[in-house]
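Engineer: Chains as they are written, first to last, in my numbering: chain U, 1 to 309; chain H, 1 to 75; chain V, 1 to 524.
Treat the hints with care, as some may be off.
[Said to hold, decoys possible] Restricting the straight-line Cα-Cα distance to at most 27 Å, the calculated cross-link-like pairs of lysine-lysine (DSS-like) are:
no.	chain 1	residue 1	chain 2	residue 2
1	U	K232	U	K219
2	V	K389	V	K159
3	V	K483	U	K219
4	V	K83	U	K140
5	V	K389	U	K180
6	V	K389	H	K74
7	H	K74	V	K91
8	V	K308	H	K57
9	V	K83	H	K57
10	H	K57	V	K162
11	V	K162	V	K308
12	U	K281	U	K201
13	U	K303	U	K251
14	V	K83	V	K109
15	U	K140	V	K444
16	V	K444	H	K74
17	U	K232	U	K180
18	H	K57	V	K331
19	U	K251	U	K193
20	V	K159	H	K57
21	V	K135	U	K179
22	V	K89	U	K6
23	V	K389	U	K251
24	U	K219	U	K180
25	V	K483	H	K74
26	V	K83	H	K6
27	V	K389	H	K6
28	V	K326	H	K57
29	V	K159	H	K6
Simulated from the structure, these hints should not be mistaken for lab results. Nothing here was measured: the structure is a model prediction, and the numbers come from that model.
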Amino acid sequence: MKPNTKTIRCIGFLVLLTAVVQLLSPVFTPKNELGSILDEPANSLDYLVIGDSECYTSISPMELWRNYGFAGYDCGVSAQRIQDAYYQLEKTLRHQTPKVILMETNLIFRNLGLRQETVTAFDHYVGNTVGLYKYHDNWKQLVTLGTTAALKQSMFKGMRYRAEVSPYTGGPYMAETEKKQPIGEVQEMYLDKIVGLCRDKKIRLVLYSVPSPHCWNRKKHNSVAEYARVNKLTFLDLNLIADQIGIDWSKDTYDRGDHLNFSGALKVTGYMGEYLSARIKLPDHRKEPAYSAWNADLGEYLKSTGQSA
Amino acid sequence: MEQLIKILENINPDNDYATEDCLIDDGLLDSFAILELVSALEDAYGIEITATELVPKNFNSAQAMWDMIQRLQKN
Amino acid sequence: MQYVSLLYLLVFLPLALLIYQLLPQRHRWKVLLAASYVFFFLMSKQLIFYLFFSTVSIHGIGLWLDYCDTAAGTGTEEAAAAKQACTQKKKRILCYGVLLHIGLLLLLKYSSFFEQNLNWLLLKLPVPVQLPTLKFGVPIGLSFFSLQAVSYISDVYHKRIKADDNLGRLALFLSFFPAIVEGPICRYSETAQVLYDGKPLAYENVTFGIQRMVWGLFKKLVIADRLNVLVEKIFTNYRDYSGILILLGAVCYTLQLYADFSGCIDLTIGTAEMFGVRLPENFRQPFFSRTASEFWRRWHITLGTWFKDYIFYPLSLTRSVKQIGKKARKKFGRHLGQVAQVFLPLLAVWVCNGLWHGAGWNYLFFGLYYFVLILLGNLWEPAAARIAKFLHRNRDGVLWRVMQEIKMAFIVVTGELFFRADGLLTGLTMFRSIFTGWDGAVLKNGSLMKLGLDAYDFWVVAIGMVIVLVVDLLHENEISIRKEVAALNLPLRWTIYLGAVLLVVIFGAYGVGYLPVDPLYAGF
C-alpha cells in the first residue's frame with residue numbers, strides 16, 4: 001500500500017473518532033454544570049460555604065434554615081484546588097448575591113507542585129473541551145435514568161450526609177508551636193483573588209476551619225491566622241474549640257478524623273448558626289412565600305436525617 | 001556424542017536430542033534439568049562448567065553441548 | 001507526569017514520535033535519550049543524578065573489564081599465569097561494580113527499614129542508643145535500572161557481550177523512558193543496539209503499538225483503578241471486615257495487581273513498538289499456571305529470568321554448591337541430591353525476590369512463602385508423577401489442568417494478601433480472620449455495596465475480566481488478535497478500534513470522584 005493511502009486512513013480514523021466524541025459529549029454532559037445550586041432561584045441565597053470536602057461535611061444549610069430561616073448552600077468540591085474554588089465562586093456570583101461567604105481553609109494548603117499542577121491543568125483543559133472526557137462517569141446515570149439531569153439532592157443543599165462512625169483515637173493534635181506552614185505562592189495569589197472578589201462585591205468573607213485531626217495542625221493555624229490578621233478577616237478555627245462545641249471523636253467522624261459525619265456537622269452548624277445570627281444580620285425567610293420550597297424540602301430533610309420536626 | 005545423548009535422555013526423555021535445537025529458547029529443559037545436566041557432564045567428561053558457559057548458545061542443541069565439551073576438555 | 005496521563009499520551013509521546021521521525025537516522029537515538037532524561041527529570045528531579053552516576057560507572061567498569069582481558073594476552077604458559085591474575089582482577093572489579101549498584105539500591109531503599117529494626121533490637125537489649133532516621137529520596141525506577149546495570153557488567157565479565165564504549169548508547173539502554181518506571185528489565189544484547197539504530201517509524205509498528213497501548217489502558221483504567229476503591233477500603237480498615245469480605249479484598253487485589261501491572265507493561269511495550277523496538281514480554285497468561293514454579297515463569301518474567309541468570313545459576317555453579325550437590329547425590333540419590341544443590345541458591349533468589357518488592361517483613365514472608373512452595377513442589381514431583389501413573393490419570397487432561405489452576409488461584413491470592421497487607425502481623429491477622437469471621441449472609445445483606453463500588457462497578461469489573469480472560473485464552477493459543485482484526489474489512493475493524501477507545505474513555509475509573517492510582521509497581 002502506498003504510504004499516502006495509509007496516511008489518509010489514519011487521518012480518516014482520527015476524524016471519525018473526533019466526530020463520535022463530539023456527538024457523544026453533549027449526551028454525557030449534565031444540564032447543570034455546577035450541580036444543583038443552579039436549581040436555586042437567582043439571588044435567593046444569603047450565604048455560601050466554599051472549600052473542599054471539609055466544607056460540605058461540616059455545615060448543613062437545612063439546619064440553619066430550620067433554626068434561623070437562613071438560605072444558603074454548600075458549594076464545596078472534593079479535593080478542590082483553590083484556583084478552581086475561585087473560578088467556581090466567580091461563576092456562582094453571577095446569579096447569587098450572598099451577604100457572607102464562609103470559606104473552609106483546608107484547601108489553602110492543597111499545593112500539588114509545579115509538575116503535578118501542569119498535568120492537572122492540561123487535564124482540566126482537555127476536560128473542558130471534550131465533555132465526554134470530563135463527564136464519562138455519567139454513564140451510570142444514563143443507564144439508570146436515560147438522562148444526565150442532576151439528581152435531586154436539593155434537600156441537602158450541597159451537604160454530604162454521612163452517618164457512619166469510625167472514631168478518631170489519636171488524641172490532641174494542635175500542639176503549641178510558633179512555626180507556620182508556608183502558603184504556596186499560587187495558593188496565596190488565589191486566596192488574595194477571593195478576598196478581592198468578596199471585597200468588590202461587598203460580601204463579608206469569614207474563614208473557618210473544621211475540626212479535623214487528619215487535615216489540620218497548629219502550623220497551618222498560625223499561617224492562616226496571620227493571613228487573616230493582615231487582611232482583616234475573621235478566622236474561626238474550630239479545631240481550637242472542638243471540645244467547647246461538643247465534638248466527641250468517638251462519635252463524630254466517619255473516617256477516623258479526616259471528615260466529620262452528620263453528628264459532628266450538627267455541632268459545627270450549631271456554632272456557625274449562633275455566630276451568623278449574632279454577628280451578621282441575615283434575613284429570616286421562613287414565612288416568605290418565595291421560599292416555600294425550602295419548607296417542603298425541610299420535611300424531606302428531617303426524614304432523611306432521622307430527625308423529628 | 002552418543003554418550004551425551006544418553007545422558008540427556010536420562011535427565012529428560014521427552015525431547016528428541018538428535019534434531020531439537022531450541023532446548024533452552026523453547027524452555028524444553030528447565031533450570032533444574034540444566035543443573036543436573038551440568039553435574040552429569042562434569043562427571044562424564046572431567047570438565048568444569050561455570051556460570052560463564054551457561055548461555056543458550058552452548059545448550060540449545062546436543063551438537064552445541066558437544067562443541068562446548070570439546071572446547072572445555074582442551075583447556 | 002505518569003504514563004497514564006493526558007499530558008504524556010497526547011503531548012509528550014506524539015512530540016517524541018514526531019521529532020524522532022523528522023530527524024535523520026543517525027540522530028534519532030538522541031531524541032530517545034533526550035526524551036528519556038526529560039521524562040526522568042520530570043519524575044524525580046535532581047535524583048536523576050543517580051541514573052547518570054549508574055550509567056557512567058558501568059561504562060567505566062565495562063571498559064576496565066575488557067581492558068583486563070586484552071592486557072592479559074593469549075597463548076603461552078606465561079600468559080596462562082597472567083590470565084589467572086587477570087581473572088582474579090576481573091572478579092574483583094565485578095564485585096566492586098555489583099556492590100556499588102546493589103549497595104546504592106540498599107542504601108536508598110532499605111536503610112530506613114534496616115534502621116527501624118536495629119533500633120527495635122537496641123530497645124529490646126537495654127542499649128541506650130537510637131540511630132537517627134535517615135530519609136533518602138528514591139529515584140524512579142531505581143529497582144529496575146540497578147538490575148539492568150548489574151546485568152550489563154555481569155555480561156561483560158562473562159564475555160557474553162563486549163563492553164560498550166559509546167556512553168550515549170549505554171545511557172539510552174539504561175534510561176529508555178517507556179521502561180524506566182516498571183520495566184521490563186532488559187538485556188543489553190537484546191535491546192541496546194536496536195534502540196540505537198533509529199529505524200524509521202513503520203505503519204504497522206505504530207498502529208499495532210497504539211492498539212496494544214489501548215488494551216493496556218483498558219486493563220488499568222477500567223478494571224484495576226476501579227477495583228482500587230474496594231481494595232483500599234478493605235486493606236486500610238481491615239479491622240472492620242472479616243471472613244468473605246477479606247477474601248474478596250485479597251481476590252480483588254490480585255485482579256487489580258494483574259490488570260494494573262500487565263496493563264502498564266502493555267503501555268510500555270506498545271510505546272516501544274511504536275518506535276520499532278521490541279521489548280521482552282513480562283507476562284504470559286500467568287493464571288493458566290499449574291505450579292508455583294510455572295507461575296513465576298509467566299508472571300513478571302524479566303524479573304524471574306534476571307534472578308535465574310544472575311543469582312540462581314552463578315550460585316548453583318560455584319564449586320562449594322556443586323560439592324554439596326555431589327555429596328547429597330551420593331548419599332540421598334539423584335533427586336534429593338538435586339534438591340540439596342539448589343536449596344541455597346533458591347533461598348537466595350526468593351529472599352531477594354521478596355525484599356526487592358519492598359523493605360518490609362511481609363515482603364520477606366512473601367518471598368519465603370514461594371520458596372517453600374517451589375521447594376516442596378520440586379521434592380514432591382517424582383512422587384506425584386508416580387501416583388499419576390499408578391492412578392492412570394492423564395496429567396495433561398483438561399480436568400486435571402483446571403484443578404491445578406484453581407489450586408494456583410488459592411496460592412496466588414494468599415500470597416498477594418500478605419503482599420498487600422500493611423505489615424506481616426496485619427497480614428496474619430487478616431488471613432486468620434478469613435476463617436474465624438466466615439459468614440455467608442454478608443453476600444446477601446448489602447455489605448457488598450458498602451465497599452465503595454456500586455452494582456454497576458461490579459458489573460463493569462466482571463465483564464472486563466471476562467474480556468481479559470478471552471484475550472488471554474487467545475494469546476495462550478498464540479493467536480495475534482491485532483493481526484486478525486487488521487485483516488478484517490475497514491468498517492468492521494474501524495468499529496472495533498473506535499469501540500475500544502470509547503470503552504476506555506467512558507468506563508475508565510478516572511476523573512472526579514476517583515483518586516488517581518499510581519502504577520502499582522512504580523513503588524518497587
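Engineer: Would you mind marking each hint as holding or not holding in the structure?
Structural biologist: So, going through the hints one by one against the coordinates:
1. Proximity of K232/U to K219/U is assessed by CA-CA distance (about 20 Å); at most 27 Å being required, the pair is judged to hold.
2. Distance restraint check for K389/V and K159/V: the Cα-Cα separation of roughly 45 Å exceeds the 27 Å cut-off, and the hinted pair is therefore not satisfied.
3. Between K483/V and K219/U the alpha-carbon distance is near 60 Å, which puts this suggested pair outside the 27 Å criterion.
4. The suggested pairing of K83/V with K140/U is violated, with an alpha-carbon distance near 72 Å, which exceeds 27 Å.
5. With a CA separation close to 75 Å, the supplied pair K389/V and K180/U exceeds the 27 Å bound.
6. For the proposed pair K389/V and K74/H, the alpha carbon gap of about 44 Å is over 27 Å, so the pair is violated.
7. A distance of roughly 23 Å separates the Cα atoms of K74/H and K91/V; the hinted pair therefore holds under the 27 Å criterion.
8. Proposed proximity of K308/V and K57/H is supported: the alpha carbons are some 17 Å apart, at most 27 Å.
9. Between the alpha carbons of K83/V and K57/H the distance comes to roughly 24 Å, so the proposed pair stays at or under 27 Å and holds.
10. Restraint check for K57/H and K162/V: the C-alpha separation of about 16 Å stays at or below 27 Å, so the hint holds.
11. Proposed proximity of K162/V and K308/V is supported: the alpha carbons are some 22 Å apart, at most 27 Å.
12. Between K281/U and K201/U, the direct Cα distance comes to roughly 17 Å. Compliance with the 27 Å bound is thereby established for this hinted pair.
13. The suggested pairing of K303/U with K251/U holds, with an alpha-carbon distance near 21 Å, which does not exceed 27 Å.
14. The hinted pair formed by K83/V and K109/V fails the criterion: a straight-line CA distance of about 38 Å is larger than 27 Å.
15. Our distance criterion of 27 Å between C-alpha atoms is met by K140/U and K444/V, whose separation comes to about 23 Å.
16. The straight-line distance between the Cα atoms of K444/V and K74/H is roughly 75 Å, outside the 27 Å bound, and the hint therefore fails.
17. For the suggested pair K232/U and K180/U, the alpha carbons sit about 19 Å apart, so the restraint of at most 27 Å is met.
18. Between the alpha carbons of K57/H and K331/V the distance comes to roughly 33 Å, so the proposed pair goes past 27 Å and is violated.
19. At roughly 37 Å between alpha-carbon atoms, K251/U and K193/U are farther apart than 27 Å, so this suggested pair is violated.
20. Between K159/V and K57/H, the direct Cα distance comes to roughly 13 Å. Compliance with the 27 Å bound is thereby established for this hinted pair.
21. A distance of roughly 22 Å separates the Cα atoms of K135/V and K179/U; the hinted pair therefore holds under the 27 Å criterion.
22. This hinted pair does not check out: K89/V and K6/U have alpha carbons roughly 57 Å apart, beyond 27 Å.
23. Taken as a hint, the K389/V and K251/U pair is broken in the structure, with Cα atoms around 64 Å apart against an allowance of 27 Å.
24. With a C-alpha separation of about 4 Å, the suggested pair K219/U and K180/U falls inside the 27 Å cut-off, and the hint holds.
25. In summary, the hint linking K483/V to K74/H is not supported, as the alpha carbons are separated by about 50 Å, beyond the 27 Å threshold.
26. A hinted pair counts as satisfied when its Cα atoms are at most 27 Å apart, and K83/V with K6/H does not qualify at roughly 35 Å.
27. A C-alpha spacing of about 24 Å is found between K389/V and K6/H, which places the hinted pair at or below 27 Å, so the restraint holds.
28. A hinted pair counts as satisfied when its Cα atoms are at most 27 Å apart, and K326/V with K57/H qualifies at roughly 26 Å.
29. About 31 Å separates the Cα atoms of K159/V and K6/H, which puts this hinted pair outside 27 Å; it is violated.
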